[in-house]
Amino acid sequence: MTVSDPIDSAVGGAGVPSGKLGDVQAVADLDRRLVLATQGGLALVARPYALLAEQLGTSEALVRERLAVMLADGRIRRIGAVPNHYAIGYPANGMSVWDIDDECIDAVGERVGGLPFVTHCYRRPRHLPDWPYNLFAMVHAATREAALERVGEIAAAIERDFPGVCRSRDVLFSAGILKKTGLRIGA
Amino acid sequence: MPEARERPSGSKAAGRQGIAARRAPDDVDRRLINALQGDFPLVERPFAQVADAVGLSEEALIARLQSLLDDRVLTRFGPMFQIERMGGAFCLAAMAVPEVRWGEVVEAVNAFTEVAHNYRREHALNMWFVLATETPGGIADCAARMEAATGLPVHLFPKEREYFVEMKLEA
Chain A
1 MTVSDPIDSA VGGAGVPSGK LGDVQAVADL DRRLVLATQG GLALVARPYA LLAEQLGTSE
61 ALVRERLAVM LADGRIRRIG AVPNHYAIGY PANGMSVWDI DDECIDAVGE RVGGLPFVTH
121 CYRRPRHLPD WPYNLFAMVH AATREAALER VGEIAAAIER DFPGVCRSRD VLFSAGILKK
181 TGLRIGA
Chain B
1 MPEARERPSG SKAAGRQGIA ARRAPDDVDR RLINALQGDF PLVERPFAQV ADAVGLSEEA
61 LIARLQSLLD DRVLTRFGPM FQIERMGGAF CLAAMAVPEV RWGEVVEAVN AFTEVAHNYR
121 REHALNMWFV LATETPGGIA DCAARMEAAT GLPVHLFPKE REYFVEMKLE A
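Sequence order for the protein chains is A and B.
Residue 40 in UniProt numbering sits at position 40 of the first sequence; the count goes up by one each step and never skips.
Residue 19 in UniProt numbering sits at position 19 of the second sequence; the count goes up by one each step and never skips.
If you are wondering where the hints come from, they were derived from the structure by calculation, not from laboratory data.
Predicted model, so just to flag it, every value in this text is computed and none were measured.
Think of the CB as a built atom: it goes at the ideal place given N, C-alpha and C, for glycine as much as any other residue.
Among these hints, one or two may not hold up.
So the derived label-pair ranges between C-beta atoms look like this [claimed, not checked]: (1) B:A140 x A:S168: 23 to 33 angstroms; (2) B:A140 x A:D170: 18 to 28 angstroms; (3) A:D106 x B:L156: 43 to 53 angstroms.
Based on the provided sequences and hints, a complete structural model is requested.
In structure tokens:
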């Protein structure tokens with residue numbers, strides 16, 4: 001898959017006006033229409049990109065190229081399936097939260113984020129006094145016990161490499177998915 | 001056309017358990033789910049290419065993928081967008097919802113298109129959801145409208161730093 005200059009490749013494309021500024025605007029507009037057309041999901045047909053091209057009045061080659069550009073620049077994280085983690089064997093979804101000394105929060109965050117079973121790891125603001133936690137690390141497991149074991153491994157790693165910096169922690173298990181549509185921007 | 005595959009997120013989600021899958025994936029399903037969590041090919045017939053890799057026909061793969069979505073084993077299939085790279089914002093948010101108002105508040109919160117996903121969690125803050133808005137200022141605006149709609153405080157937990165994100169679970 002080639003990721004070529006969007007301006008060059010857009011010139012002469014169906015429905016794309018000529019002229020430099022027009023091209024930039026046309027490409028941005030096409031990208032936005034691609035987001036709108038696929039945010040609900042990719043059509044399950046043999047040639048989904050051809051169908052998108054037809055819907056958007058452009059060429060299949062340009063659709064695939066714009067998707068490749070968006071993947072390359074990070075606007076699309078990936079194209080694929082989002083499993084219901086309960087259904088595929090990971091019913092225990094634990095959001096572990098940690099109160100870490102501000103002095104070394106980033107070093108601890110990098111360490112915890114590097115653990116193989118941590119699927120997301122972020123620094124977030126505390127909401128004092130009720131919420132002292134500034135580090136969030138998500139773990140998924142087949143059982144609550146296994147998830148707690150992993151949280152224990154996180155605690156051990158922090159204590160081993162950064163003794164004394166963790167003041168308290170908690171684990172919030174999910175009890176149900178209430179919504180999981182992914183983002184929706186307006187038309 | 002893709003909208004036709006949307007999972008209903010209203011009344012079904014209002015129960016304690018939320019959205020549950022209707023069946024357990026079999027071995028072929030698991031192989032397929034694992035193959036589809038990676039990079040879906042940007043070729044003319046991408047399903048045919050994946051089908052070769054997992055030993056199914058193109059038609060069988062598409063039918064199976066549709067049934068996995070229909071049965072909610074998968075919640076979505078397609079591009080996952082990073083709205084921050086498009087000038088927008090994501091923000092984790094939480095509310096403490098009184099149990100007697102649970103169903104009503106789930107409906108009210110889920111009705112906001114800005115809510116990308118929403119989980120019940122075991123804590124005084126028992127509802128945790130992610131807002132996605134097209135502008136950074138949209139987060140505070142959405143939270144304010146949500147507070148007005150529910151009469152409950154919305155606590156925002158914006159990401160200050162991302163250390164790791166790689167949500168791929170082997171099925």
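Taking the hints in turn, this is what the structure says about them:
1. B:A140 x A:S168: 23 to 33 angstroms: Because 29 angstroms falls inside the window, the suggested range holds.
2. B:A140 x A:D170: 18 to 28 angstroms: For A:D170 against B:A140, whose Cβ atoms are near 26 angstroms apart, the range 18 to 28 angstroms holds.
3. A:D106 x B:L156: 43 to 53 angstroms: Hint violated: Cβ distance 21 angstroms, outside 43 to 53 angstroms.
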